[in-house]
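So the sequences go chain by chain: A and B. Residues 1 to 356 (this note's numbering) make up the first sequence, in order. Residues 357 to 829 (this note's numbering) make up the second sequence, in order.
All clues stand as given, with none of them false.
The calculated SDA-like cross-link candidates involving lysine to any residue, where the alpha carbons are at most 20 Å apart (straight line), are:
| no. | chain 1 | residue 1 | chain 2 | residue 2 |
| --- | --- | --- | --- | --- |
| 1 | A | Lys185 | B | Pro570 |
| 2 | A | Lys356 | A | Glu85 |
| 3 | A | Lys173 | B | Gly812 |
| 4 | A | Lys185 | B | Ala813 |
If you only want the chain A side, here are some residues facing chain B, beta carbon under 7 Å, derived:
| no. | residue |
| --- | --- |
| 5 | Leu17 |
| 6 | Leu23 |
| 7 | Gly162 |
| 8 | Met172 |
| 9 | Ile186 |
| 10 | Leu196 |
| 11 | Val250 |
The set of hints was computed from the structure by calculation and includes no laboratory data. Cβ coordinates follow ideal geometry from the N, Cα and C atoms, glycine included.
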Amino acid sequence: MPSSISNFDFSRPIPALPWRGLLIATALLTTAATAAWEISARARGYAPTLNDTPDLWADRREAVQPDSVVILGDSRPLFDLDLDELEKGLGSRPIQLAIAGSCAFPNLEEIINDGRFRGTIICSIVPGMFFAPGGPLEKSATDALKRYRERTIAHRVGHQLGMLLEERIAFMKQEDLVLAKLLQKIAVPNRANSYLPPDLPPYFQTMDRERRTRMSDAAARPGPLQDRIKHGWIPLFTPPPFPEYTPKEVLEGMGRAVEERFGKVAALVKKLEARGGKIVFVRYPHSGDLKVLEDKATPRSAEWARLMRETGAPNIYYSDHPELIFDCPEWSHLSGPDSVEFTKRLVPHLKKALGK
Amino acid sequence: MLFNSLTFVVFFVVVVGSYWLLRGWETRKNLLLAASYVFYGAWNPPFALLLFATTALDFWLGGRIGAAADPVARKRWMWASVASNLSMLGFFKYGNFLLENTQWLLARVGIAYQPPHLDLFLPIGISFYTFHSLSYTLDVYRGVCAPTRSLRDFTLAVSFFPQLVAGPIVRAADFLPQLGSARTLAPNQFAWGLFLMTLGMFQKIVLADTLLAPISDNVFGHPSPVLTLDAWAGVAAFSGQIFFDFSGYSTCAIGAALCLGFHLKDNFLFPFAAVGFSDFWRRWHISLSTFLRDFLYIPLGGNRVGAVRAALNLVIVMFLGGLWHGAAWTFVVWGLIHGLCLVVEHFFRTVTKDAAWKETLPANLVLCAITYVVVCIAWVFFRAANFEGAAMLLGAMAGKIPVGQAILSGREILQVALVIVGLWIFHWRLRDTSLEAAIASKPSWLIGALWTVMLGAIILTQGSGNAFIYFQF
Chain A
1 MPSSISNFDF SRPIPALPWR GLLIATALLT TAATAAWEIS ARARGYAPTL
51 NDTPDLWADR REAVQPDSVV ILGDSRPLFD LDLDELEKGL GSRPIQLAIA
101 GSCAFPNLEE IINDGRFRGT IICSIVPGMF FAPGGPLEKS ATDALKRYRE
151 RTIAHRVGHQ LGMLLEERIA FMKQEDLVLA KLLQKIAVPN RANSYLPPDL
201 PPYFQTMDRE RRTRMSDAAA RPGPLQDRIK HGWIPLFTPP PFPEYTPKEV
251 LEGMGRAVEE RFGKVAALVK KLEARGGKIV FVRYPHSGDL KVLEDKATPR
301 SAEWARLMRE TGAPNIYYSD HPELIFDCPE WSHLSGPDSV EFTKRLVPHL
351 KKALGK
Chain B
357 MLFNSLTFVV FFVVVVGSYW LLRGWETRKN LLLAASYVFY GAWNPPFALL
407 LFATTALDFW LGGRIGAAAD PVARKRWMWA SVASNLSMLG FFKYGNFLLE
457 NTQWLLARVG IAYQPPHLDL FLPIGISFYT FHSLSYTLDV YRGVCAPTRS
507 LRDFTLAVSF FPQLVAGPIV RAADFLPQLG SARTLAPNQF AWGLFLMTLG
557 MFQKIVLADT LLAPISDNVF GHPSPVLTLD AWAGVAAFSG QIFFDFSGYS
607 TCAIGAALCL GFHLKDNFLF PFAAVGFSDF WRRWHISLST FLRDFLYIPL
657 GGNRVGAVRA ALNLVIVMFL GGLWHGAAWT FVVWGLIHGL CLVVEHFFRT
707 VTKDAAWKET LPANLVLCAI TYVVVCIAWV FFRAANFEGA AMLLGAMAGK
757 IPVGQAILSG REILQVALVI VGLWIFHWRL RDTSLEAAIA SKPSWLIGAL
807 WTVMLGAIIL TQGSGNAFIY FQF
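For reference, chain B alone in the conformation it holds in the complex (with noise of 0.2 Å):
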């Protein structure tokens, strides 16, 4: 089920009607389980099962993991919860791409391999399931959280329908504690969580929809190179597309959640004014950059194991996030470049530590600006079909081919440009602070008024809704 769908909108009407008419938190929790699955299972019901399946293992091996006394048991236990549920996402998700390696592999020494196709679905969200799931047997190894006794709690909190499919990715340690006693219902707060849905509606169907995705579709679908102009246009509208389309899902689901009186952390920061990449990941996707954090890179060893050892870290931990997005190899290409911007960005801080210069609004303003044209280049094999695709899109970019066509019309540049430019101004003017402080500091008539235009907008653009893109990881 899409949040930008009329059935959404019944769903979300029913479910949270009858939740808060309900008596009795153990019933309410009830319900909220039962949506969740009804919300999955609208999909495709048998993957229902699977989703169950993953959760009711990890429920298993966490309460295993809690029991054992042994530092040793506990460590295989967990091992037991990560094997199974890699495997798992390994088997629907990247089966077909390990078969086609393996094959490209011993066709390099000579061995004809004719791998089998596997004729699989993905389901849907099984990137965030997994690691909402996963987080839970790691948490309680890592002494986080205890087991729960409550496998309808443990099964709520992996299903909560929305963060289900597109994150952000919850812990289970960060959700559990507040199925422990009765949501409240607060008239602010819940008018609260329906205005953070609009503007996550907005930034969905208005703005990544209907303002960028045509142009930047247009751009990477065109089959010919196109001018400079036009290449530089549709990657800068992939970039708020990109942006709006998750930025608009995770601000849907925060006050979706708001709404039933749940409370999940932010997933993006105005990600456009990062200066830096380490800046770049504090602020985008912010779930996923503290999962793999916490549970890569600083197992792995973190920045405390040399400077050599530390930059090979951050390129592994960034290959498997590009790997995590999608079973291409134009991902893993833009996680390394992201790994690679790192090691850099962490070598020019060492020296330049001292640097007063760095600290001067020119600097950030430059820096920022440098963050964002080498993003947008990693946002090429990022949305890039092939490598073919990508290379001739790079080309174009750098004016490196005199052939090119004008594809976009005026009007479409100036969409690109006025959404691109006032994103930057508003990231920037807010990067430190934040949005409940940006809205708290303005008129309510203003609020009122932006809410209004917000809506009409909505119900202006219509359609049948596009999937978020986030949905295929």
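Chain A extracted, bound-state conformation (with noise of 0.2 Å):
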């Protein structure tokens, strides 16, 4: 007998076709289609690599012990520091938290906020983007540290099984093969002074669970995708002009923000001293019209000067060593061989500066 009684008598219809065919067939289209923009991907030189997810940065950040090295800042030291090398010169393997197109202060605030750690930072400083003030740079780092914050059971799932996936899927790109990437390539004339964000350069790295980064061998060489991801750079590099109106208030906040960022960092960095832990601020190697650029609009003697004035904190420019003068093949970045040499090049620095 029923336990409870209703008027309810509703019953979907089910239209009348051989869903059981219809079923077979799709699962068989949808397999053989996928398979084939698998070989497409593959023939055009990608390969199955993570996806850099704020899962997998979390999972890096859950890593950090009291006495941790941690590696922060932006792509640079992402793509330009070999763990095994770091860890064969410091003698602890490092933690890779640091975020391609992302300002790294959101992270450096949080892990020294975090008061459990005394471990060593090494911090990459790019000024344009250590001290932007919002906007996407620092999204990029604060939806990394909501997760970590925020991670429930179904995320660390789905991240588990999203791993099992991209180390096995070519085509699995979050930054260039998704539909969204796809359409952007659809050319449809813009309108006269649009306002518009520039392209993000493509595909040009593998990266591993330890979030260790290479640059794929296709961007080490000359050739169209090094040129492509060249000339991604000028742009994204430049600073957008500001709106014809832009509300006097955000101006002021935005110019506020910028100032009080060199006493933030200032006082972070005392509160770390204070317990035992140390930090680095480190300038990595760019070249070509990239560095035409950034020393034009950021020279050494503004940003970068005041921060390492006001924090006293130890800090490594790398063309102060002709050690470290490296050819970044696509302006921005070392090659995989050369992030080695690099960075057995720069331990003795970075055992000088942090006193080992």
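Put the two chains together into one complex, using the hints given.
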């Protein structure tokens, strides 16, 4: 006997079609199309590798111990530092927490405000990125932090399953082969005076579960991919013009935020050092037209010099040491072999700066 | 757990496979109950206890209502259920909102009051499962359904995972009878359920998240004014995004339930083809509008209490409907716009009730377009972070801000136009029929091709899965 009575007599209609046959045909066709897409991706030089997701970052953040060596910053330490060489030189395997296209400040603030941490931070400074007030550069960092703080069981399981697929399937490239990115390749004229963000550089690296990153061979050698990447940096590193009508308080707020950041970083450094932690700021190699642009927009004598003066922290500016000057094939990062050599040469400077 | 996640794919395969392999209806129901709590607990396990507490209290109160012979006692038990459910919802969802507004009001009369900030974590889907559970005691009180004797069945009715966190708001009176007898596995029904799940995922992952969300996010998040075209494109994109997002979730829920042998009612019926606001609310979030109609509008007297009172009832219902969506005055304004439009429409229908022109195609198309435009204007308040943002965007839409910027690319504008016009044509053609009838009228090869394209696009989109907009409600 039903435990409840009601006037419920609803039954969803099923369209009169051969659904079993359709299901089998769809499964076969989709499998074939997916296989064809995978073959096509591999033929174009893509290989299975992990996407750098907030979950992957959160995994590494969770691995941080009170006395860990952590790497913070943008894409340069991600590409340029070799974890094996650092481990050999510093005696401890570092944890890679740098994020491509990000401002390092939110993560620097978070890890120093974590009272348990008294380890070592190797922090990259690209002034144009580190001092960016808000916007997508900060969002890249805060998205990762948010995931670290709010991870659910479902996120963790989904991440493990996702990694299993990404390590086996070449077309799973969130930054280059997803539908949204493919649609962006459709050429439709833009309106005059459009205020549009520049395109991000295409896929050119591999990454593993430790977030060890290597430039792909195709990007390291001269060719169309390298040219695309090179010329992607210039619009990315060119500050966009302010909109014709930007509220005065927005402009003032941005200026205030940049000013305050110097003081905040100095206070954070003091806080870390007071409990026995160490930090070293590093400026990594860059070259070509990008170096010309960065030197003009953010000369060493400006933000870098002021930050070092106000924090009093040890620092390494690559061009002060001839052995650290490398040619970046795509102007911003080192190739895989060069990253190993660069790290070997950087280790003595790090040890000296950290008093090891 | 999100429908558009790998975790859900694995969860669903395991649950559906085990469900149909198990023998015995009681065992299957136990499995579904456990799976539903795993589904919910995978987000935040402690809040599963809150879900169970709500359910158990309403189970007990439903029993008391059913057992009470005295109408006054029945009413008291019913109000106890309403008060307990709304108190819990109010505490978690509206606690800070109430304190902030109390502070503001006291400040107006010169009293300085500094309320404590409640550091509350909003339990996901609380607005939905509170209404699932509350519908039971209200329907028992109304005599629509008898109280169930099975706590397990009622707990499953409230927590059934396909509809648990973002609707449709399935009434216990519609679901409990389906638990009375074993569901049977019908291959065609199962495959149709999978087709609906694919359609729902396609709506969410491809149309909402990939084609529209970045555009609406860009326009609504832009700190300075935008050009009129960009403003309209952003708002149109949001109108499509929220439809595909929520309708996609409902379609997935209906499909997932069908795969398990359960039948859930439609939550959307081609709302872009609505002619007028009463028509819109017969097509948009139907489970909420019927809930508010049956449990609020009609008890207030509905339209049987004179024109002025009926109009006031409509405004009250939509005011609370707006507040249900979120603890902010922008949601209230969104609800009030809909309430006022319903009143105006009612007046318009009264004065033009014999006009033949209203039934012509051109008139219907014009009225449909007007409805869409006003709905879009209301969406500005729904989506904007605050009134300043809403005012800036409305100013841009009205062409009142001469210094706006062009922030959308040509491709993005084309993308919005194609999706929204396509959606509008699709809804208009199907407005007097159903999805099932439309699918049945097409050749099999076309449906197979459509299914393949949708699956292919989902695979191509990948992504880590954005939360559904309605999860936050």
